[in-house]
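Number of protein chains: 4
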Amino acid sequence: MQSPKEIVDIMMAKDYFSQWLGVEILEIKKGSCKLKMTVSKEMLNGHGTAHGGITYSFADSALGFASNSRGQKSVSVETSISHIKPLVENDIIIGEAKEESCSNKIGIYTIKLYKASDTSLVALFKGTVYRTSEAW
Amino acid sequence: MQSPKEIVDIMMAKDYFSQWLGVEILEIKKGSCKLKMTVSKEMLNGHGTAHGGITYSFADSALGFASNSRGQKSVSVETSISHIKPLVENDIIIGEAKEESCSNKIGIYTIKLYKASDTSLVALFKGTVYRTSEAW
Amino acid sequence: MQSPKEIVDIMMAKDYFSQWLGVEILEIKKGSCKLKMTVSKEMLNGHGTAHGGITYSFADSALGFASNSRGQKSVSVETSISHIKPLVENDIIIGEAKEESCSNKIGIYTIKLYKASDTSLVALFKGTVYRTSEAW
Amino acid sequence: MQSPKEIVDIMMAKDYFSQWLGVEILEIKKGSCKLKMTVSKEMLNGHGTAHGGITYSFADSALGFASNSRGQKSVSVETSISHIKPLVENDIIIGEAKEESCSNKIGIYTIKLYKASDTSLVALFKGTVYRTSEAW
Numbered sequence: 001m002q003s004p005k006e007i008v009d010i011m012m013a014k015d016y017f018s019q020w021l022g023v024e025i026l027e028i029k030k031g032s033c034k035l036k037m038t039v040s041k042e043m044l045n046g047h048g049t050a051h052g053g054i055t056y057s058f059a060d061s062a063l064g065f066a067s068n069s070r071g072q073k074s075v076s077v078e079t080s081i082s083h084i085k086p087l088v089e090n091d092i093i094i095g096e097a098k099e100e101s102c103s104n105k106i107g108i109y110t111i112k113l114y115k116a117s118d119t120s121l122v123a124l125f126k127g128t129v130y131r132t133s134e135a136w
Numbered sequence: 137m138q139s140p141k142e143i144v145d146i147m148m149a150k151d152y153f154s155q156w157l158g159v160e161i162l163e164i165k166k167g168s169c170k171l172k173m174t175v176s177k178e179m180l181n182g183h184g185t186a187h188g189g190i191t192y193s194f195a196d197s198a199l200g201f202a203s204n205s206r207g208q209k210s211v212s213v214e215t216s217i218s219h220i221k222p223l224v225e226n227d228i229i230i231g232e233a234k235e236e237s238c239s240n241k242i243g244i245y246t247i248k249l250y251k252a253s254d255t256s257l258v259a260l261f262k263g264t265v266y267r268t269s270e271a272w
Numbered sequence: 273m274q275s276p277k278e279i280v281d282i283m284m285a286k287d288y289f290s291q292w293l294g295v296e297i298l299e300i301k302k303g304s305c306k307l308k309m310t311v312s313k314e315m316l317n318g319h320g321t322a323h324g325g326i327t328y329s330f331a332d333s334a335l336g337f338a339s340n341s342r343g344q345k346s347v348s349v350e351t352s353i354s355h356i357k358p359l360v361e362n363d364i365i366i367g368e369a370k371e372e373s374c375s376n377k378i379g380i381y382t383i384k385l386y387k388a389s390d391t392s393l394v395a396l397f398k399g400t401v402y403r404t405s406e407a408w
Numbered sequence: 409m410q411s412p413k414e415i416v417d418i419m420m421a422k423d424y425f426s427q428w429l430g431v432e433i434l435e436i437k438k439g440s441c442k443l444k445m446t447v448s449k450e451m452l453n454g455h456g457t458a459h460g461g462i463t464y465s466f467a468d469s470a471l472g473f474a475s476n477s478r479g480q481k482s483v484s485v486e487t488s489i490s491h492i493k494p495l496v497e498n499d500i501i502i503g504e505a506k507e508e509s510c511s512n513k514i515g516i517y518t519i520k521l522y523k524a525s526d527t528s529l530v531a532l533f534k535g536t537v538y539r540t541s542e543a544w
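Chains as they are written, first to last, in the numbering used here: chain A, 1 to 136; chain B, 137 to 272; chain C, 273 to 408; chain D, 409 to 544.
Okay, chain A solo, but in the shape it has when bound:
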C-alpha cells in the first residue's frame, strides 16, 4: 500500500486545477493535511476580493488529499462552506483538514482556512466523502 505522501503526489501530478491555484502541501498524514496558497489577481471577483470559489476550491483540494490519503479512492458527495472574512490579492492562506469521522463508506472532514499573517479564520468548510472500494 502506498503512503499518504505517495498518493497525494500521484493526485497532485494530474490535478491541474490545484496546480493552477498554486496549492502547496505543507503536511500530509492519514486523514489530515495542511496546505498553503497565495491569492493572485486572477482569483478576484467583482467585489475586488477573492472569489468564494477560490477558498472553496482550496478547501476541497484539502478534502480530497485528506480523504484519499487513507488509500481508498474517495469522492466528495456533499460539502458546505461558511465565508467569514474577505481576502485580497497577495493574502496567504493556510488550510487544515481534520477527519471528524471515518466509517467503511462515509468520511466527514472539517477544513479551517486562516490567514497566514494573523491566523484569523477566513472560512469554515465541512465535507462528506463516499469511500469507494477502489484502492490507489
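These aren't lab readings, by the way, just hints derived from the structure by calculation. Some clues are possibly wrong.
If the Cβ cut is set under 10 Å, some of the chain C residues that face chain B in the computed set are [said to hold, decoys possible]:
| # | residue |
| --- | --- |
| 1 | 273 |
| 2 | 352 |
| 3 | 384 |
Note that CB positions come from ideal geometry on N, CA and C, so glycine has one too.
Based on the hints, put chains B, C and D in the right spot on chain A.
Below, chains B, C and D without anything else, positioned relative to chain A:
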C-alpha cells in the same frame, strides 16, 4: 437605479476569476440568472474529472449575479453543494440560479448545474447571502 | 417487493417521534412524498415561534419516507435547512419531498416546507442519504 | 445587561420544545454552552434509532443558547448536520457549542454531539445566525 444587466456587467468587468472560468451570461433578471461554461484541461483534478471547486465556483458566480442583480450589494454567507455527476474535459455546463426567498437582510438561492448535451443534473447548490445596505 | 405506501406504513408504525409530531401522510410515491402537520404549543422555542428542530424534524421525516420508499433501506448522511419564515402555534405546514438525484449508493432530495394558509415558503431543506443494500 | 445564564433561563422558561426534549444545561458562557439529554422511546424513528430531528433539535437548542448568550437576539439562518452514529433508547448525549466567528451581524457556530458513555462522535452541526439589533 441600474438594471440587472448593468450591475452584472460592472461586476463581470472586475471578476477576473469568472473571466478565467470563461463564464458566459445567457440571461439575467432580478434575482435569477442563467450561465454557461466549458470544462477545460486546467480545471481537472487528480481523478481526471472537473475539480469540485470548478462547479462550486461556477454556481457561486451565479449566486453572486442573481443576488446582486436586485441592486443591493450582497455577500455570500453560507453555501453548500452536492456533487452528483462527474464532468470531463470539454463538457459544457449550464447553471440556473433561482431565488427561493428574499427578505430585507437575507436572500436564499438554489442553483442547478446541468450538462448542456443531455440536461442531466451535475450538481445542486444552495446559497445564503447577506444583503448589505450599500447600493450598486 | 413492497409498495411505497406499505414501506411507509411499516416505518410510521414504529416512528414514535413522527407520531408525536402529528405527521400526516398526504401522498407517497417512489422517491417523493407530501406531508402535513400542525404546530402545537409544545413545539415552541424561547422566541415564541416553532423551534428550528420542529421544521427540521418534519422535513427529515419527509426525507426518510421519500428515500426509503424505493425499497432499499436508506439513512440520512448530511442534511441542511434554511429557516426562512417563523411559525407560530396552530400554523399548519405542508412538506413536499422531491428526488433530485438517485444513484446506486447516494440519493439527494430537496424538501420545501410551506404554510398551508398562504403557500408561503417556511424552510428549504436539502438531504443526502446513503442507500444500503438491505431491502425493506 | 443580563448574564448569559440569565438570558438562557429566560429563553428556557418559554422553550417548551427544549423542555420536552429534557435538555439540561451543564454550562453556559458568552458564545458557548454544554448541554445534556437522554434519548427516550418517543424520540425513535422507523429504524428503531433516534430520529435525525432529535439530534438536530438538541444541537439547534445549543446554537440558540450559545448565540443569544451574547445579549443580542439571534436567529438561525442556515444550519447543517452530519449524522455519524445512530443512537438508541436511553443513550445519553452531550452537546458542545463553540463559536467559530462572530461579526456585527453574523455568527457561526459548530456543535459536536457525543455519547456520554464513550465520548464517540454522534453528529456534527454547523450553524449560521443573524444577530438582530434587539437586546434581551
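Going through the hints against the structure:
Of the supplied interface hints, the one on residue 273 of chain C is violated, with its beta-carbon coming no nearer than about 26 Å to a beta-carbon of chain B, more than 10 Å. Interface restraint check: residue 352 of chain C against chain B, minimum CB-CB distance 5 Å, threshold 10 Å, status holds. The restraint placing residue 384 of chain C at the interface with chain B holds, with a minimum CB-CB distance near 8 Å, inside the 10 Å limit.
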